[in-house]
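Participant: For reference, the chains in residue letters:
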Amino acid sequence: MEHHHEHVHSHSVTIENPSYFEILEISVRELLVEKGLISADEHRRQIEVLDSRSPALGAKVVAHAWANADYKKRLLKNGSAACEELGITMYDNTKLIVVENTPETHNVIVCTLCSCYPRPILGLPPDWYKSKSYRARIVKDPRQVLSEFGLNVSSQRRIRVHDSNANMRYLVLPIRPNGTEGWDENALAKIVTRDTMIGVAEPKGQK
Amino acid sequence: MNRREFAISLGTIAAVIAGGASEASESASGATTLKPKVVGGDKCQSAGKFAVGQSVQIRNDIQPIGHYRMPIYVRGKIGTIERILPCFINPEEEGYGKNAGTMDRLYRVRISQTKLWKDYNGSPSDVLEIEVFESWIKSVTANSTN
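Residue numbers (our numbering), protein chains in the order written: chain A, 1 to 207; chain B, 1 to 146.
Hint data in this document are derived by calculation from the structure and do not stem from the laboratory. Hints are not guaranteed to be accurate.
[Said to hold, decoys possible] Below 20 Å or equal to it, Euclidean Cα-Cα: the simulated EDC-like pairs (lysine to aspartate or glutamate) are:
{"hint": "1", "chain 1": "B", "residue 1": "77", "chain 2": "A", "residue 2": "202"}
{"hint": "2", "chain 1": "B", "residue 1": "118", "chain 2": "A", "residue 2": "141"}
{"hint": "3", "chain 1": "A", "residue 1": "73", "chain 2": "B", "residue 2": "82"}
{"hint": "4", "chain 1": "A", "residue 1": "95", "chain 2": "A", "residue 2": "84"}
{"hint": "5", "chain 1": "A", "residue 1": "204", "chain 2": "A", "residue 2": "85"}
{"hint": "6", "chain 1": "A", "residue 1": "204", "chain 2": "A", "residue 2": "148"}
{"hint": "7", "chain 1": "B", "residue 1": "115", "chain 2": "A", "residue 2": "202"}
{"hint": "8", "chain 1": "A", "residue 1": "130", "chain 2": "A", "residue 2": "148"}
{"hint": "9", "chain 1": "A", "residue 1": "140", "chain 2": "B", "residue 2": "119"}
{"hint": "10", "chain 1": "A", "residue 1": "72", "chain 2": "A", "residue 2": "85"}
{"hint": "11", "chain 1": "A", "residue 1": "72", "chain 2": "A", "residue 2": "185"}
{"hint": "12", "chain 1": "A", "residue 1": "95", "chain 2": "B", "residue 2": "134"}
{"hint": "13", "chain 1": "A", "residue 1": "77", "chain 2": "B", "residue 2": "61"}
{"hint": "14", "chain 1": "B", "residue 1": "115", "chain 2": "B", "residue 2": "61"}
{"hint": "15", "chain 1": "A", "residue 1": "130", "chain 2": "A", "residue 2": "141"}
{"hint": "16", "chain 1": "A", "residue 1": "73", "chain 2": "A", "residue 2": "85"}
{"hint": "17", "chain 1": "A", "residue 1": "130", "chain 2": "B", "residue 2": "5"}
{"hint": "18", "chain 1": "B", "residue 1": "77", "chain 2": "B", "residue 2": "61"}
{"hint": "19", "chain 1": "A", "residue 1": "132", "chain 2": "B", "residue 2": "5"}
{"hint": "20", "chain 1": "A", "residue 1": "60", "chain 2": "A", "residue 2": "202"}
{"hint": "21", "chain 1": "A", "residue 1": "95", "chain 2": "B", "residue 2": "104"}
{"hint": "22", "chain 1": "A", "residue 1": "95", "chain 2": "B", "residue 2": "82"}
Keep in mind that this is a model prediction, so the values were computed, not measured.
Okay, chain B solo, but in the shape it has when bound (with noise of 0.2 Å):
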């Protein structure tokens, strides 16, 4: 078992305790469901901070160490807002206590593939669209830079 299979393998254990595994609550274990502890959920009741089509950068002035979900290779670019997504648990440093169970707004972010890549080869309208939390993204302002 590597690293990535012991992921998976919690993974299958947290989809057990988030009571994702309906099938298996009707085993009659009688073992109670637990829902994660949820904090900070009042904030995605209201609509996300960015809209559908905003130009928005994905954050570059923060280089955290750890278990962050925002790859390196779109971290400072300038990408529009594809859709907006609910809200789930920020999973960054979750394990270590950090952000203990708190939500944030997630959303779909567009880039061009020329913006992304300088050596870019294919064609001008090809384009990546990645997952980020409102935490990492910023709005872009005059003096934004790619």
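So that you can see chain A by itself, here it is in the shape it has in the complex (with noise of 0.2 Å):
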């Protein structure tokens, strides 16, 4: 079909100005393919991996592990080397810690200094976690925070906040809630969500 249009469609052909640190990145890729350093597949292929991994990998080691006594162990132990046992490579060399949450401690995770997340296990992070505000407080004031997600943690518990800073990630190992007795691992993982992950939810019981 024929366009008789006089005025031009420029909507349709908007292109954003790319920012400082967009050209700073596509300069140095360009040129690290260039000098044949990494391949653009590769780089490709590596932003596909990332992108793969979501809070789903979390979950279903939360429930392996609340199933599975001896795996729970060898958690605790390595974290990394146990994720691997389920197949969950942890692709940018960093390690993972998992932490227990138990009756006498509750753990929370934050990174001060930018937005350290254990990617290669819960995929990308929200963007509360990557706030100021929360960044900010949760080390500073973690009852008042935790309360502000809905999560009351009693006086009689010690908190453990984690700043993840430097080569390690943390996972939170939720306490299996009650009323869940019998369930299977697919059941289990249903209710470990993301953020109890992070430390600033607990699981439900209910279904």
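Each chain sits in its own coordinate frame; assemble them with the hints.
Facilitator: Below, the structure written as structure tokens:
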């Protein structure tokens, strides 16, 4: 079908001007490709791997640990190796530490310097995790911040805040809730949400 | 794209270079997988200088400016070694060639929240735990102050 419009369809050809950092990233990447240090396909594949990860992987790990005491021991001793047992690779040269919630202790994770997050096992972090407000406040007033998430931690329980600022990544192993006796791992995994593995929520037992 | 997203993009590139993306190397591209140049690894063959449970102070006598991974809110604070971690490349100013692939021992240090914040109003048993490179840690002496 022919068009005889005089005006330009500018909305259909809009290309955003790249920002300073986009230009920098493209320059560095293209130089590395040009010099043969990485290939464009490897770079593309790495993004594909990154995007393929989601909290469902972490939920699978937690459910397996709840159902299998020996696996739980291995997971707490060496998080990375235990994840690899389930086929989950820590592709980014970080190592995973799993911290266990108990009736005496509650764990919560933050990265005050940036947004360090166990991406291989949880995927991309939520926006609030990257916010300056969460990063600044959770280390100073964890009980207040957790209550804003709807989680009131008893004053009898110790709170351990983990500031993830270097090479380790952290996953919270929540307490298996009452009322989940006899559930299979698939049913258990469904109640293990992203936030329960960051430590700002607790899994609920009722279906 | 902002500064953080840029850093993450570079992280993706770094993961390819470090060969962390073993899945990526399945491609038939033929590109050589590079390992980062590492020096000073011998120092890290031995055990760390500090022991689990030992009282230590995070240094505050150096106040470098630039890409440093030691948040200011814990500098000068006294805590205990929670666990000893492997050695990693010291990332501080690495991008400017300062450390040139130097390995440094990493620890986790546990600090009481009431020692960290003078107006802390949670439970006295609450703690903060953070990764600290050996170069940022010193032994606690009798006259160490918080």
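Participant: All hints, please: hold or fail.
Facilitator: Hints, verified against the model:
1. B:77 <-> A:202: violated (31 Å)
2. B:118 <-> A:141: The given pair, whose Cα atoms are some 12 Å apart, holds under the 20 Å limit.
3. A:73 <-> B:82: holds (19 Å)
4. A:95 <-> A:84: holds (11 Å)
5. A:204 <-> A:85: The given pair, whose Cα atoms are some 27 Å apart, is violated under the 20 Å limit.
6. A:204 <-> A:148: holds (18 Å)
7. B:115 <-> A:202: violated (28 Å)
8. A:130 <-> A:148: Distance ~17 Å between residue 130 of chain A and residue 148 of chain A Cα, so the pair holds.
9. A:140 <-> B:119: Given pair residue 140 of chain A, residue 119 of chain B holds - Cα atoms ~9 Å apart, limit 20 Å.
10. A:72 <-> A:85: Holds, at roughly 12 Å.
11. A:72 <-> A:185: Within the cut-off at roughly 14 Å; holds.
12. A:95 <-> B:134: holds (18 Å)
13. A:77 <-> B:61: It is violated: about 35 Å lies between the C-alpha atoms, which goes past 20 Å.
14. B:115 <-> B:61: holds (19 Å)
15. A:130 <-> A:141: The hint holds at about 17 Å.
16. A:73 <-> A:85: Answer holds: residue 73 of chain A to residue 85 of chain A is near 13 Å, not above 20 Å.
17. A:130 <-> B:5: Holds - the C-alpha atoms of residue 5 of chain B and residue 130 of chain A are around 11 Å apart, at most 20 Å.
18. B:77 <-> B:61: Status holds; Cα separation ~12 Å.
19. A:132 <-> B:5: Roughly 15 Å between the alpha carbons, so the hint for residue 132 of chain A and residue 5 of chain B holds.
20. A:60 <-> A:202: Holds, because 16 Å separates the two Cα atoms, which is no more than 20 Å.
21. A:95 <-> B:104: Holds, at roughly 16 Å.
22. A:95 <-> B:82: holds (16 Å)
Consistency with the previously given hints fails for numbers 1, 5, 7, 13, ordered from lowest to highest.
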